[in-house]
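Engineer: Here are the chains, one letter per residue:
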Amino acid sequence: MGLGAVVVLTVERETGVYAGKDGQQKPLVVQPLGCVDVMGRPMVERTIDHLRDAGVGKVTLLTSKDIVRNCPSIANRLDQVKVKFVDDPGSAVNEVLNRYAEEGIEHAFVLAENVYAETDLLDFVYFHREAKKGITRAFDHEGPLDLWVVDCDRYSRFDLEKMGASDGDAASYFIAGYVRRLLHPGDLRAIIADSLGGVCAMRPSGQEVRPGIWVDEGAEIDRRARIVAPAYIGCNSKVREDALVTRCSSVERDCCIDFGTIVEDSSILANTRVGIWLDVRHAVASGNKLVSLKHDVLLEIADPNVMRFNSMLAKEEGKDRSESRERVVQPVVSKIKPETAPETWQLGANLIQG
Amino acid sequence: MNPSYPVVVMEVPGSLNNLEGQAFFQELQPLLETDRPRIVLDCSQLQHVDSAGIEILLHCIEEAMKRDGDVKLAAVLPAPVAILELMRVDRLFEIFDTVEEATRSFHAVAQPETPQTLPWYSADYRFGEAKAS
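Line by line, the protein sequences are chains A and B. The first sequence begins at 1 in the numbering used here and counts up one residue at a time. The second sequence begins at 1 in the numbering used here and counts up one residue at a time.
These are computed hints drawn from the structure, not numbers from a lab. Be a bit skeptical, because a hint or two may be false.
Stated by the list, open to error - Here are the in silico distance ranges between beta carbons for each label pair:
hint : chain 1 : residue 1 : chain 2 : residue 2 : range
1    : B       : P6        : A       : N305      : 34 to 44 Å
2    : B       : E55       : A       : R223      : 31 to 41 Å
3    : B       : Q22       : A       : P27       : 50 to 60 Å
4    : B       : W120      : A       : K294      : 42 to 52 Å
5    : A       : A229      : B       : A52       : 30 to 40 Å
6    : A       : R210      : B       : D35       : 49 to 59 Å
7    : B       : P6        : A       : P211      : 51 to 61 Å
8    : B       : R91       : A       : Y126      : 52 to 62 Å
9    : A       : F174      : B       : E100      : 47 to 57 Å
10   : B       : S105      : A       : K294      : 21 to 31 Å
11   : B       : V9        : A       : F174      : 53 to 63 Å
12   : B       : P6        : A       : A302      : 44 to 54 Å
Said to hold, decoys possible - 20 Å max Cα-Cα, derived DMTMM-like pairs, lysine to aspartate or glutamate:
hint : chain 1 : residue 1 : chain 2 : residue 2
13   : A       : K294      : B       : D97
14   : A       : K294      : A       : E264
15   : A       : K133      : A       : D123
16   : A       : K133      : A       : D146
17   : A       : K84       : A       : D49
18   : A       : K294      : B       : E85
19   : A       : K294      : A       : D265
20   : A       : K132      : A       : E118
21   : A       : K294      : B       : E55
22   : A       : K65       : A       : E45
23   : A       : K65       : A       : D87
24   : A       : K294      : B       : D90
Where a beta carbon is used, it is the ideal one built from N, C-alpha and C, also for glycine.
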């Protein structure tokens, strides 16, 4: 039984768009939330790994050039995935399914990047075969999910939009496990809190340096900073003195939490610098934008001393960036080395002599 | 605070940045220089506030407190509240949902925190209870 998968990652399905109470449409991030780093890795990468683990041989990612331009890390990481740039994902899915059929692949998963589901995918395929329908759609207790299994040869006219409206001839597969739709920055917070709290199987990248505290490579945590478990500090991020990161908070890669700032029940997305003596609570921050989940509002901070993209600092400092790069490469974990025996005293070799 | 002092309600402009904040403060300054100023800032129009605006609000409350007065905020929209919280300034101000509530709060007479007790030399005074309390 050959298995394939088509992951749809399009601008139309952009989930980073945030709609406030007054109907404002402002994006927190320019890329879909599935492409945003969540505890070290984007969700789409985790989804593809999940498919690989289930024995899916061929994975095709349908996306647009704009998305890849906005998140180059995706293209670099998905080296074993065929990336196809499309304008109309609906027709492109059919093309891929036809090609799979020609290659002898019987069944394929078709899924959107905004769904994270922890389920036995093989069981899903077996259910689909038993149901003897051309297509089977996954459901959870909240309703239909953008996750299907299709027969590549029998269901060559897959309509992505129509499937959302009516599933007359489709079988339904109920997922009882952990499911999260990534439609709002609040969903991002929820999945991070669930992961750090052990509610779902997703684990942060990096090492668990203390119970519940995950630190990725190159992260620098000042001795006077406090990290309260569960929490995640990403690659090359800095937590300065007197800062506090607590209550299921995550600080993604290349961030800086400056002196005395509190990050509580919040997620700081990659490449964000949070200024000194601030309270970031119940929020998701990216660059100079912050979504307050408590007040359901998106703030755009004009003052770069308060919040900004970390790269802005690098441009301003110029030379300092290269120096700091050279300086900060060792992971925190490796810094905690076991004490070795002191070298033997040699007369004349030591700088301090009586 | 004596409830006979008048409460002044002042509307904050839609944007409180360095330029508009200075103009707003100049308008407010004579009121802040009165004896025990009691000011309610109606923030229902306030959409944008930056760090310069926050500084002006802090300057207002500083001036009011110097003269044993207070500045209270009313009808603050979610975005400015989130900014105040981010900058850790929200706890310095009393924030009310409406201007009426904020005005009323100035007139509320505080109840005595500790109940009146009998003097120690009174015949009905019981030492054990006094110690326990």
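Engineer: Determine for every hint whether it applies to the structure shown.
Structural biologist: How the hints compare with the structure:
At roughly 39 Å, the beta carbons of B:P6 and A:N305 sit within the given window of 34 to 44 Å. Between B:E55 and A:R223, the C-beta spacing of about 32 Å keeps the proposed range 31 to 41 Å intact. For the pair B:Q22 and A:P27, the supplied restraint of 50 to 60 Å is violated, since their beta-carbon distance comes to about 33 Å. Distance hint check: the CB atoms of B:W120 and A:K294 are about 50 Å apart, consistent with the given range 42 to 52 Å.
Distance hint check for A:A229 and B:A52: the Cβ-Cβ separation is about 38 Å, which falls inside the suggested range of 30 to 40 Å. At roughly 57 Å, the beta-carbon separation of A:R210 and B:D35 lies within the given 49 to 59 Å, and the hint holds. Distance hint check for B:P6 and A:P211: the Cβ-Cβ separation is about 59 Å, which falls inside the suggested range of 51 to 61 Å. Remark: the range hint 52 to 62 Å for B:R91 to A:Y126 is upheld by a beta-carbon distance near 57 Å.
For A:F174 paired with B:E100, a C-beta distance near 52 Å keeps the hint of 47 to 57 Å intact. As the Cβ distance of B:S105 to A:K294 is approximately 23 Å, the hint placing it in 21 to 31 Å holds. Distance hint for B:V9 and A:F174: a CB-CB separation of about 58 Å, consistent with the stated range 53 to 63 Å. Roughly 36 Å separates the CB atoms of B:P6 and A:A302, a value that falls outside the hinted 44 to 54 Å.
Between A:K294 and B:D97 the alpha-carbon distance is near 16 Å, which keeps this suggested pair within the 20 Å criterion. For the hint linking A:K294 to A:E264, the alpha-carbon distance of about 12 Å falls within 20 Å, and the restraint holds. With a C-alpha separation of about 15 Å, the suggested pair A:K133 and A:D123 falls inside the 20 Å cut-off, and the hint holds. At roughly 17 Å between alpha-carbon atoms, A:K133 and A:D146 fall within 20 Å of each other, so this suggested pair holds.
For the given pair, A:K84 sits about 18 Å from A:D49 by alpha-carbon distance, which is consistent with the 20 Å threshold. With a C-alpha separation of about 11 Å, the suggested pairing of A:K294 with B:E85 holds against the 20 Å cut-off. A distance of roughly 11 Å separates the Cα atoms of A:K294 and A:D265; the hinted pair therefore holds under the 20 Å criterion. For the given pair, A:K132 sits about 24 Å from A:E118 by alpha-carbon distance, which is inconsistent with the 20 Å threshold.
Of the pairs offered as hints, the one joining A:K294 and B:E55 is violated, with about 24 Å between alpha carbons and a cut-off of 20 Å exceeded. Distance hint between A:K65 and A:E45 is fulfilled; the C-alpha atoms sit about 18 Å from each other, no more than 20 Å. About 9 Å separates the Cα atoms of A:K65 and A:D87, which keeps this hinted pair within 20 Å; it holds. Pair hint A:K294 plus B:D90 holds up; C-alpha atoms about 14 Å apart against a cutoff of 20 Å.
Against the hints set out earlier in the document, violations occur for numbers 3, 12, 20 and 21.
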